[in-house]
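Residue numbers (our numbering), protein chains in the order written: chain A, -6 to 259; chain B, 24 to 472.
None of these hints come from the bench; they were simulated from the model. Do not rely on the hints blindly, as some may be mistaken.
Below 16 angstroms or equal to it, Euclidean Cα-Cα: the simulated EDC-like pairs (lysine to aspartate or glutamate) are [stated by the list, open to error]:
1) A/Lys72 with B/Glu329
2) B/Lys341 with A/Asp106
3) A/Lys71 with A/Asp98
4) A/Lys188 with A/Glu172
5) A/Lys214 with A/Glu170
Bear in mind that the values here come from a model prediction, so they are computed numbers and not experimental data.
What follows is each chain in one-letter form.
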Amino acid sequence: MTADNVFDVEHVTLRFGGVVSLNDVSLYQRRGEILAVIGPNGAGKTSLFNSLTGVYQPQEGTITFHRADGRAMTIIGKKAHRVASAGVARTFQASRMFSALSAFDNVKIGAEDHRGFGVVGAMVRGPRTRHDDRRSDEKTVELLRFVGLADRANVLAASLSYGERRRLEIARGLATEPEVLLLDEPAAGTNPAEKLDLARLIRRVRDELGVTILLIEHDMKLVMSLAERLYVLNFGSVIAEGTPADIRTNPVVVEAYLGTSAEASA
Amino acid sequence: MIRSFLQRAPIRRLLVVFGVVAVIELITGPPGSNQYPTSGFTGSYSEAASFFGLFRTQRWVVFLALALVAWGIVELWTRYGATIRARGSSALAGPRQASEKRPVRVGFALALLVLGILLPHILNNAFWQSALVTYVAIYVLLAIGLNVVVGFAGLLDLGYVAFYAIGAYTTAWVTGALPTPPPFGHPLDAFWAIPFAVVFVVIAGVLLGAPTLRLRGDYLAIVTLGFGEIITIFANNLYGITGGATGTKQIPHPVFHVGPIKYSWGLAPVPYYYLALGSVVLFLVIFSLLQRSRVGRAWTAIREDEVAAESLGINPLKFKVMAFAVGAASAGFAGVITASADNFLFPSSFTLTFSINILVLVILGGMGSITGVVVGAIIIQVIQAYLNHTPPSGYQQPDLYIYVGALLITMMIFRPAGLIPSRQRRREINLYEKSHEGHLDEVLLGDDV
């Protein structure tokens, strides 16, 4: 419960009818930390992400998001767009680009301010609107350069390779100027070389932009090299927490992944 | 032997053409009667007809000739179509590139505007002058408004007629033509109904939108359909407020009176045409500016992927309600112009069919493409006006729906994104279709722009 935490998740339980998706989950994330959540399929990792971003509303527990300016925000009960505007950006497991738009427009939509009702202002293109427009254009170019897609700016998002799409999605998330970036399996569907690039990019996002990273990933090599601390989920509960070295040797984790000897032989 | 002959591609196409022509023959044929129930069927084929004015024969001969000609065209197109298309697109590359440039676009728009202004004087004909208002301008206004809702924000609205009705009834209310007393105690001029109507439809858009736009897809369509019906039923039954089923016949013509400037609209259609043309131009400018703005991009994001849009801080509900309200505004305008030009209004003119007609204009023209929707609306409405004015023998007004329906089916097969599609929409449809066929890379790599 220190002020230096970004997320404080306490006793969160999420149910869908009779199915318990998250069961009394408590965890925290420090500011500036690269934290990973791992676990077998169906362990509740994506449910946790959706609860952290306001997409799902857990029935029990509290999730607090501490902003850099000292203000705190309770996430449960807030709409996803409110959470996003407050500074929590995310990517999706099956990447959700605006496929028929160019890479540039994808990022630009993220860079724009969507609060307020300025229909008339947006239409008339007064000095204020033009200034905002120029700023989001600049930010977009800068971010595309940051993720290494500057030369692909005018390409349709759908024609990008998987690796490029993952990077574009990160750029789009960063365009909202978040404090935390949640990455849902960023390396899914990428080749080994792209994985290496991606790991480097994620570390640069934290080091150069100071964005805290929360990561779900199946690729153990990537997770172990990238994460500073890990949580392991199984059947909706946290079963272990620690540094990569701790986790690798933790018997409970090995059991969750490989099964007990009786189950394994069955 | 016979089977392999029938399975050859040209022969199969010939049989298909025969089938289609036989159906068209039946549709355009004489109606049956109670006495001779089969005469509608037999008459369609064996009724006497003239072979393009050359000699007298029966209908089936004429249609057989048409079928053979159509088959010839289809055969030629399958053989040379690809080449023609490739040549055409390379020949059009220059003009197309020029059309992307801003001065060219503005110049072209101004030229069209001048044509629009001169049109009633070129068509020096009483029917067409009034048809330009009642058939064309009003429908263009409605279609571009519905396009904001359906095309930009991707919301299927089947109750759009409600906003048109609210605009028309507001006019009647403001001018004191309804049993309800007008605002401020005394009747205002019909021209001043415009701000009232716009405010009312925008409020109605927000009131309807705020609770219902949380729904998606089919559910939203059903709720909006219900809203359209509710407005009509209200108009019909609230006798003391709306005048009931007989409506009202006392809406005055508008008068514009500010300081020394005074202009009264009368019975002549041309001044109404200019009023409608002015509103069309106004809304075209507003809608195209909006489409290119931050708001337009937010609409696109919601239409493409609502979840992703929300993760970027876009409030989907807010932007959908905005689309509803903005789109309704032009319907309000259209309602004012129609009511004051006609002087009367009846609840029975605001039906579901009307909403669907407008939707058809939007779909045929090309959802999301302002140019497409305007062109689509003009073409369909001019054809309709022509058919109603000078009906060919045997044509009756409801027949129009058969032809529009056939056109819609043909379009959905060959040009699913509409007559002049918006580039984004066409990509979306291509991506969708290909992703369901499993050849994603084909569309992605082939450049269709």
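Hint by hint, here is what the structure shows:
With a C-alpha separation of about 13 angstroms, the suggested pair A/Lys72 and B/Glu329 falls inside the 16 angstroms cut-off, and the hint holds. For the given pair, B/Lys341 sits about 14 angstroms from A/Asp106 by alpha-carbon distance, which is consistent with the 16 angstroms threshold. With a CA separation close to 27 angstroms, the supplied pair A/Lys71 and A/Asp98 exceeds the 16 angstroms bound. Restraint check for A/Lys188 and A/Glu172: not satisfied, since their Cα atoms lie roughly 24 angstroms apart, outside the 16 angstroms limit.
The straight-line distance between the Cα atoms of A/Lys214 and A/Glu170 is roughly 29 angstroms, outside the 16 angstroms bound, and the hint therefore fails.
In the structure shown, a violation is registered for the earlier hints numbered 3, 4, 5, in ascending order.
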